[in-house]
Amino acid sequence: MAKTKIKSDPVKFATPRDPNHCFVLFPVGTYFNALTVGVGLESLLRQVQHVHRDKPVKRMEYIPQENKLIIDFEESDGS
47 MAKTKIKSDP
57 VKFATPRDPN
67 HCFVLFPVGT
77 YFNALTVGVG
87 LESLLRQVQH
97 VHRDKPVKRM
107 EYIPQENKLI
117 IDFEESDGS
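Numbering (the numbering used here) for the sequence shown: 47 to 125.
These are computed hints drawn from the structure, not numbers from a lab.
In this text, a Cβ means the ideal position worked out from N, Cα and C, and glycines have one as well.
One or more hints might be untrue.
[Stated by the list, open to error] Restraint-style ranges between C-beta atoms, simulated for each label pair:
hint, residue 1, residue 2, range
1, Tyr-77, Arg-99, 30 to 36 Å
2, Val-74, His-98, 28 to 34 Å
3, Asn-113, Pro-65, 20 to 26 Å
4, Val-85, Gln-111, 17 to 23 Å
5, Arg-99, Gly-75, 33 to 39 Å
6, Leu-87, Asn-66, 16 to 22 Å
[What the hints assert, rightly or not] In silico lysine to aspartate or glutamate, EDC-like type, Cα no more than 16 Å apart, as pairs:
hint, residue 1, residue 2
7, Lys-104, Glu-88
8, Lys-104, Glu-121
9, Lys-104, Asp-118
10, Lys-101, Asp-118
11, Lys-101, Asp-64
12, Lys-101, Glu-121
13, Lys-101, Glu-88
14, Lys-104, Asp-64
Starting from the given sequences, assemble the full structure and let the hints guide the process.
Printed below as a string of structure tokens:
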């Protein structure tokens with residue numbers, strides 16, 4: 047008997063839920079190297095590319111305790 051295939055929507059890991067907030071969590075420990083930082087920065091770049099190019103940056107912060115880089119944008123009408 048054949049298994050029934052369940053169609054599911056692809057998960058978008060790099061898409062922020064809040065259009066005014068982008069972030070990336072870098073790994074902690076053994077796998078924190080140039081490659082993993084590059085992958086994280088590329089993920090952040092893809093998020094930022096979905097934001098309107100003229101939208102002003104409200105805050106950009108790196109939180110070392112969490113290995114988290116955050117970019118917040120000004121809220122605007124229609125976003």
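Status of each hint after checking the structure:
no. : hint                            : in the structure
1   : Tyr-77 with Arg-99: 30 to 36 Å  : holds (33 Å)
2   : Val-74 with His-98: 28 to 34 Å  : holds (33 Å)
3   : Asn-113 with Pro-65: 20 to 26 Å : holds (24 Å)
4   : Val-85 with Gln-111: 17 to 23 Å : holds (21 Å)
5   : Arg-99 with Gly-75: 33 to 39 Å  : holds (36 Å)
6   : Leu-87 with Asn-66: 16 to 22 Å  : holds (20 Å)
7   : Lys-104 with Glu-88             : violated (21 Å)
8   : Lys-104 with Glu-121            : holds (9 Å)
9   : Lys-104 with Asp-118            : holds (5 Å)
10  : Lys-101 with Asp-118            : holds (10 Å)
11  : Lys-101 with Asp-64             : holds (14 Å)
12  : Lys-101 with Glu-121            : holds (8 Å)
13  : Lys-101 with Glu-88             : violated (20 Å)
14  : Lys-104 with Asp-64             : holds (14 Å)
Of the hints listed earlier, those the structure fails to meet are numbers 7 and 13, in rising order.
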